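Start from the sequences, fold in the hints, and give me the full structure.
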Amino acid sequence: MADMPANGKQYASEEQIAYASLLDQGMKIGFVVLVLTFIVYLFGFAAPHVSHEELARLWSKPVGEYLKATNTHTGWSWISMIDKGDYINFVGIVLLSSVTVLCYLRILPIFIAARDKVFTAIAVLEVLVLVLAASGILVTGH
Amino acid sequence: MPWWAWPAILFVVSFFLGIVAVLGGVGGGVLFVPIVGGFFPFHLDFVRGAGLMVALAGALAAGPGLLKTGMASLRLAMPLALIASASAIVGAMAGLALPAQVVQTALGATILGIVVLMFLAKKSEYPEVAAACPLSSALRMNGIYFDVGASREVDWKVHRTGRGLMLFVGIGIMAGMFGLGAGWANVPVLNLLMGAPLKVSVATSKFMLSIVDTSAAWVYLNQGAVLAMIAVPSLIGIMLGSLVGVRLLKVASASMVRKVVIGMLLLAGSRALLKGLGIWD
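From first to last, the protein sequence lines are chains A and B.
Okay, so the first sequence: first residue is 190 according to my numbering, each after it adds one.
Okay, so the second sequence: first residue is 5 according to my numbering, each after it adds one.
Derived from the structure by calculation, the hints contain no laboratory data.
Bear in mind that the values here come from a model prediction, so they are computed numbers and not experimental data.
Cβ coordinates follow ideal geometry from the N, Cα and C atoms, glycine included.
One thing to keep in mind: the hints can contain errors.
What the hints assert, rightly or not - Not close to chain A: a few residues of chain B, all C-beta gaps over 12 angstroms, as computed:
(1) G29
(2) V120
(3) V133
(4) C137
(5) R164
(6) L197
To be verified - Derived DEER-like restraints, expressed as beta-carbon distance ranges:
(7) L252/B / A195/A: 18 to 24 angstroms
(8) R167/B / E203/A: 29 to 35 angstroms
(9) S324/A / K126/B: 39 to 45 angstroms
(10) S259/B / L225/A: 38 to 44 angstroms
(11) M193/A / D285/B: 51 to 57 angstroms
(12) M170/B / S324/A: 26 to 32 angstroms
(13) V255/B / H238/A: 43 to 49 angstroms
(14) G233/A / F43/B: 24 to 30 angstroms
(15) S324/A / V264/B: 39 to 45 angstroms
(16) W284/B / V280/A: 37 to 43 angstroms
(17) V106/B / S240/A: 30 to 36 angstroms
(18) I283/B / G233/A: 38 to 44 angstroms
The structure is reproduced here in structure tokens:
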């Protein structure tokens, strides 16, 4: 096994192995989706919301100006533009950004079963932090 | 230039940064953000968004192997990552709210600070930890791994956990604000302050970035600061470069590469600082 230590002994805990296995699968799926969707975008197989030429004129602007000029909204509004070449890429990006939450949810029952109250609490709090970050509630701008 | 020229150049530069990052033992983000932010036409908002995706992708790719071999420790990472990921949200929000010139100046100063840290910071292969502190004992932040180089099992424990947790507040804020990843700060805190063996520190730091950078990446993503045309070529370029870098690792001169990395950071940090101050636009 490529991921076993050189002496063949297992040093990782049950929750660590469970976390690593899910992380491995999620990361690979995310990368494949990201590359495939970028090919769709790059070669124009799906029309983008912001054309390549317009993007090149606007990428030097602050994000606020870019959003205004392209009539793009923040948060999860990209879902309504999932058929656009530039937003289809977000599927892969979101997969890569979500895999950690899924890994924490995977190991939570292991901590609960072991009656490890402190790490159960840490895992729950981490999930809440990541969900809060992903929620789009936290809005800011220049 | 045609629209595709800058993404193509970005891909090539990211590829070389990936090679240098592996050879120099630094994360891709710390080279990517100041260099691309300083010398490419992209606004710093989008560069930081891409930088976080680059650091996140590298950490996600390395994480499973590091965890399965027991080099990275989930129990060591989880409490620290909780503090750092919450702080990274604050850093990301502050970074997107502050004027770009202020962030650019602070980024330059931080990069130059990292150069000083790389010059001065010592590393300890197996730090002496006489006794685990009460907090790390309660959290069972300890472990055992097989050191291939030394052909033996290494038992480890940590101390000064409270101080480590406090420092991770600052590390998280900087990771989110500048989109740097934060291995350059994680490793000294884990290794020199808390007393984790160097290999455990490096592996756990790399794994932790997958958690900390996730929270900051979501803030940038939700604010529209992740552009696929910038983030994806960077990410693929760095990943491919890292693969080549790993192969070159056996033949490259470590001290020479380290000098190149420090030189690149010095140039990029100076450029960011002077750009932020309006001296070198």
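Task: Given as non-interface: L197/B, partner chain A, CB spacing beyond 12 angstroms - done: holds, 20 angstroms
- [ ] Just double-check G29/B for me: nearest Cβ-Cβ distance to chain A has to come out over 12 angstroms.
- [x] holds, 21 angstroms
Task: CB-CB spacing for E203/A and R167/B relative to the 29 to 35 angstroms hint - done: About 30 angstroms separates the Cβ atoms of R167/B and E203/A, which means 29 to 35 angstroms holds.
- [ ] Determine whether the Cβ-Cβ distance between L252/B and A195/A falls within the hinted range of 18 to 24 angstroms.
- [x] Given range 18 to 24 angstroms: holds, Cβ gap about 22 angstroms.
Task: Beyond 12 angstroms from every chain A Cβ - status for R164/B - done: holds, 19 angstroms
TODO: Could you tell me whether the CB distance from S259/B to L225/A stays inside 38 to 44 angstroms?
DONE: holds, 41 angstroms
Open item on the list: A range of 43 to 49 angstroms was offered for this pair. Does it hold for the Cβ distance of V255/B and H238/A?
Closed with: holds, 46 angstroms
Task: Cβ separation of V106/B and S240/A, checked against the hinted range 30 to 36 angstroms - done: holds, 32 angstroms
TODO: Note whether the CB distance of S324/A and K126/B lies within 39 to 45 angstroms or breaks it.
DONE: holds, 42 angstroms
Open item on the list: Please check whether the beta-carbon of V133/B is more than 12 angstroms away from every beta-carbon in chain A.
Closed with: V133/B clear of chain A: closest Cβ-Cβ about 19 angstroms, beyond 12 angstroms.
- [ ] Can you let me know if the beta-carbon spacing of G233/A and F43/B is within 24 to 30 angstroms?
- [x] The hinted range 24 to 30 angstroms holds for G233/A and F43/B, with Cβ atoms some 28 angstroms apart.
- [ ] Mind checking the hinted window 37 to 43 angstroms against the Cβ distance between W284/B and V280/A?
- [x] For V280/A against W284/B, whose Cβ atoms are near 39 angstroms apart, the range 37 to 43 angstroms holds.
The structure shown violates none of the earlier numbered hints.
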